[in-house]
Amino acid sequence: MVPVLLIVVSVEMFSLFALQFLNGMSPAMRLNANVVSSYGQAGETGDQALASTDDQVPHPYIGAAHPPTTVRKPEIRDPDFLENYGFGPNTGPFPREKKDNEAVVAIFGGSVAKQFALTAPMDTLAAALKQLPEYADKDIVFTVPSNYGFKQPQQLLTLNYLMSIGAKFDAIIVIDGFNDVAMPFEEDYTLNVFPFYPRFWNVRMQSLNTAPEMRHIIGRIGLMQERQKNAARIMQYSPLRISMTAQLVWQLYDKDLEAKILEDEKLLFEQQADEQSGYIVTGPSRVYDNSDQFFGDLVSNWKESSLLMHQIAKANGMRYFHILQPNQYVPNSKQMGPAEKAVAFRENHYYRDDVEMGYPLLRQAGKELREQGVQFYDMTLIFEHVNEQTYIDDCCHLTVYGYNLFNDAIAEAITSDSNR
Amino acid sequence: MPSLTQHSTELSKAKRIVFGLVTVGIVFGVTEAFSATALTVLRRGSNVVVADIISGSGSIYRLHPLLVVDPTQNSPDSFNQIVHPYLGAVLEPIEKKTVQFGSADDTMENYGFGPYSGPFIHEYQPDTISVAVVGGSVAKQFVTHGHPDILFKKLAELPKYQGKKFIVSVPTNYGYKQPQQLLAINYLLSIGAHFDMIINLDGFNEVAMPFPENYVQNISPYYPRSWNLRMQNLDLAPEMRRIIGRVGFYRKEQDMLHEKQKHSPLRRFFTAQLLWEMSDQRLKKKIDSGQQELLSQKANERSGYIVTGPGRTYTGDTDFLDDVVSVWKQSSVMLNQIATARGIDYFHALQPNQYVEGSKPMGPEELAATVNPQSHFRQGAISGYPLLRSVGQELRNEGVHFYDMTMVFADQPQRLYIDDCCHMLPEGSAILAERLGEAIVADLSQNP
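Quick mapping for you: the protein sequence lines, in order, are chains F and W. Numbering-wise, the numbering used here puts 215 at position 198 of the first sequence, and it's gapless, one number per residue. Numbering-wise, the numbering used here puts 163 at position 162 of the second sequence, and it's gapless, one number per residue.
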């Protein structure tokens, strides 16, 4: 008995000295020391951080989407809405079945397409569509699978995605062109991001939460902190806390974990630099010799995407109309008074150069699309002789009056084209 | 002069040393022999297969002379692929290179399909057939680890392909399921890819994965595999964070163990190898179980729509299966429509799978290694395949060149599957290539 006691006392004495050497303070003080967490600093991101200024969040197939304002889980046979699929409120039904008395017309594009469908009274366009024999006896229902900032191939992939999961449209109208040439250079290419990636993809991916290696490290740090806390809790409440040896073992374990946490935190910050500029953000590499080549590739993507949409539409018995939207930076496309010019035309806007470079190519490609059988309408000059204000901002968006005129122009083009 | 007693004592000491050395030698030998035997047993049934894919034809774009199947790739792995805006997830290129627009050096790897996924062809060339093979991991391995040359040799018998060189690319990734194949083809065409032929080898992922990996976790069944893990907000999901951390921790330990193994002077000894192997297997088990746990983590309600995607609920299994199979069918129809409109040949094959009743006679070894009654894929495959097969017939009636390969191994008793998911040994892949080639040739001879 005596030898055992002697051994215990010796080990405890050794542990006491070792503890003092380790801590430079009394073991009791160390026991109450708080385990400092650094996780909160590393991972403070989430849906809100991922949502950029346009409130969209990453989507696996269409780049970005709006979380619905109300979460609904419709039964497979219940009425369903496009809001459920990420296109925001009031975007119309998700049409599962074709109805004899109804023609569902889907309007694709970016913000102008969306505002066009949600702002302007659609009666004129609906009336024009009803002149087509296949829609003559049907109610026209508009549905808007578009989001702000969308550019090709997003319209194309949205159509494919929705149709693959059961959407059935009767007609497709694409209103686009501006985003396709005005955004990719400044917002993607100069930042080393693939020009055909969605707008703000780089911003959405600048999150610690989405980078795989970072998640890995963050998780590991979290696990080790968890272990640290558990060990500290055990020591606080266990009768072993009076044992110097137990305290020594615990402290060695704690210090080992702390060293590993520090090592991982260092790794995390190194990783941050790597991943934020890595492939997850930039996408594929494609470099161009000059701006002609760059804009040529942009327009070829726009044209090819339209052709693919046309081919899908044709194969499924749907009408396909492709509209090139007007834009104020196209030279001589709009007579502007001082008031309109003040709000809607910024001399040094980076969109301006890109529109001036891109629109002539879009218009030419549009002619080729028509030759290839696409019902394409170039609306670049619809405001050429309009003196009233039609533009509302220095990007591309229209006033209600502008949208009404745009609506009339599309209706007229469809009608006269059909009569031809 | 030493005395007799002294001499005999020295002798016995020498004897003792010799005896001791012999004993140590015997113990060492026996231990090594035991370790060697134990190692053989432990390593039997391992998923690591060195696939010889040296081409005989020389007419096919060869992907790599020798590849090793990484068994971890078959698991529900959220670690290797990264988020992609249109395809759900892709592989980051190993070597980041700058690619000039329109360059002949452009590869599918640049677009996220991993190494050896072939070239990104920009333009039609009269003497070549640009082939895209799409699907999931089985489609990928069909090209990278199998014998695709057998298929293309067979196809070369058709007059339209005679004298042409097949350039094969594999714009697909492990775990892909429709609509990912459809979106990948549309995306690549929109950014300038040129294809003359699309071969879609799929079916299993589409019915086996959506229910256990998505729907029961509140995730849209059509969202990509592991999307929830990639998008889950770690701050709001402490349990998920812990599991990810645990898996990462064990992976790091495993990496360190492998490093030690490579450089230690003990690496020649079976006993050391045995101990390492045991540690490795212990870690692998922990990693596997962590990954299973990850899959069972429900999407955190607070993480919301970014993780779950659109809500769509079903009244029963039949409704659910009808819907997933209808997405598979519709995606194939649309691929066919795009292909037809562009003069691309589209061939759709339903892949075989071991969980389909009567689809393969199996010996005890193959049965033990490749049919897992607990696999969460099993039920989806059993219930889904009859529907896929019947819908496949509808696809044929609607003009798609569809080939049901479910029973391609029904008369093949030798081991052809590699794991308890769906993957095949190169021998299995060769048989599939042969039969698919025969089916396409017969079909096109009758219905060009």
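No wet-lab data here; the hints were simulated from the structure. One should not assume that every hint holds.
With a straight-line Cα cutoff of 27 Å, these simulated BS3-like cross-link-like pairs (lysine-lysine) come out [claimed, not checked]:
# : chain 1 : residue 1 : chain 2 : residue 2
1 : F       : LYS246    : W       : LYS263
2 : F       : LYS115    : F       : LYS155
3 : W       : LYS253    : F       : LYS246
4 : F       : LYS90     : F       : LYS147
5 : F       : LYS283    : W       : LYS161
Run the structure past the numbered hints and jot down the numbers of the failing ones, going up.
-> Numbers 1, 4 and 5 - these are the hints that the structure violates, sorted from lowest upward.
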